[in-house]
Amino acid sequence: MSLGGGWYLALAAVLFAIGTLGVLVRRNVLVMFMCIELMLNAANLTLVTFSRMLGDIGGQVLVFFVLVVAAAEVVVGLGIVVAIFRRRASATADDLHSLKG
Amino acid sequence: MTELVAFAAARATVPDVVTFVISAALVLAGAAGVVLSRNPVHAALSLVMTLLGIAVLFVEEDANFIAAVQVIVYAGAIVVLFLFVIMFLGVDREESLRDPLPAQRPLALVLVVVAIGGVVALAATAHWTTGAHRVVGPISTPHRSEVAQLGVELFTKYLYAFEATAGLLVIAVVGAVVLARRPSGPLDDDGDQTADVELGGDPQLGADRRGVASGGEPGAVPDDGFGAAADGGPGGAPDDASGVTPGNVPEEVPT
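Chains as they are written, first to last, in numbering that gives the first Met the number 0: chain H, 0 to 100; chain V, 0 to 254.
Note that these hints are calculated values from the structure, not bench results.
Do not take every clue at face value.
As the list claims (entries may be wrong) - Cβ-Cβ distance ranges computed for the label pairs, FRET-style:
1. H:Ser97 <-> V:Leu121: 35 to 43 Å
2. H:Ser97 <-> V:Arg143: 30 to 38 Å
3. V:Phe154 <-> H:Leu98: 29 to 37 Å
4. V:Thr12 <-> H:Leu98: 53 to 61 Å
5. H:Ala82 <-> V:Val109: 28 to 36 Å
Said to hold, decoys possible - Chain H stretches covered by chain V per the calculated footprint, using a threshold of three residues with CB under 8 Å from any CB of chain V:
6. 2 to 14
7. 17 to 28
8. 31 to 41
9. 46 to 59
10. 67 to 77
All of these numbers come straight from a predicted model, not from anything done at the bench.
For each residue, glycine too, the CB sits at the ideal point set by N, CA and C.
I would like the entire structure built from these sequences, with the hints used as guidance.
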């Protein structure tokens, strides 16, 4: 019916790693947000895979809530990016060092 | 872990393998595109590719409702929100590759490789000691599909959490409106004066920003102002501003 869960878990791990690398390496705040979405999706894939492996619907319920929280997070995060851009005219994370001593 | 994998792998057919390989390739190619593409619009479109590949994997894993929500909410709403903000801010330029921390990129790569190697090694060697199977409910029953089962669990066991998400979404909407609202009234002048000092007192820029803040045309004026501010490329004008800021403030405080 479907491939073994280990393959899905490995794919999710690689996807999470790529997202982490993007957050660490990229400087554009919007692209960093997209990489956070990659990490969230990797976690969702893991949850659905475990849901199937354990025969438990709980993982899918949790994915549903993760989707809702991700949507709220993106809305507020992009609002913050817009507010910062209005101040600094920049979407680069390294330029946001107003609090640096 | 091995017996669980074997339990699932026993039923795999050739179309399943082909579907998994193709959608995994889509997912990884899209993820690489998000990280590697220098234009934020291209990154957002690569993100769509990844999200659709993951939706296919969800269907493959019999999570049909989650797959539909993934396409509608993620690929439909969230990526469009990303593209909207990219276009609205006008940051769809190439990002400069100059890195202020030269050691950061190789260090990040090493760190990620170590972390992922640790996870894989742990998964390969550890014993799979999970708790009781099926703490919530079965995925599907003979007279109830997994979509219906998900709805039943959502509206019985997780009803309060579901209601709380409604409150969360309302808070997010209010927060987004408050953050994105253009400030008005006397507080607005104050904020803009500080912004002028921060930007090195550039009269042209200050005038532009005042023009933006005093309202006027919501579409045209901000474009001019922010275009002038950011024409020096990402890191050009803001770097100048930040270079001036520490010098300006101590000078002005004694006088």
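Now the hints, each set against the structure:
no.: 1; hint: H:Ser97 <-> V:Leu121: 35 to 43 Å; verdict: 40 Å, holds
no.: 2; hint: H:Ser97 <-> V:Arg143: 30 to 38 Å; verdict: 55 Å, violated
no.: 3; hint: V:Phe154 <-> H:Leu98: 29 to 37 Å; verdict: 45 Å, violated
no.: 4; hint: V:Thr12 <-> H:Leu98: 53 to 61 Å; verdict: 56 Å, holds
no.: 5; hint: H:Ala82 <-> V:Val109: 28 to 36 Å; verdict: 35 Å, holds
no.: 6; hint: 2 to 14; verdict: holds (count 12)
no.: 7; hint: 17 to 28; verdict: holds (count 10)
no.: 8; hint: 31 to 41; verdict: holds (count 6)
no.: 9; hint: 46 to 59; verdict: holds (count 11)
no.: 10; hint: 67 to 77; verdict: holds (count 10)
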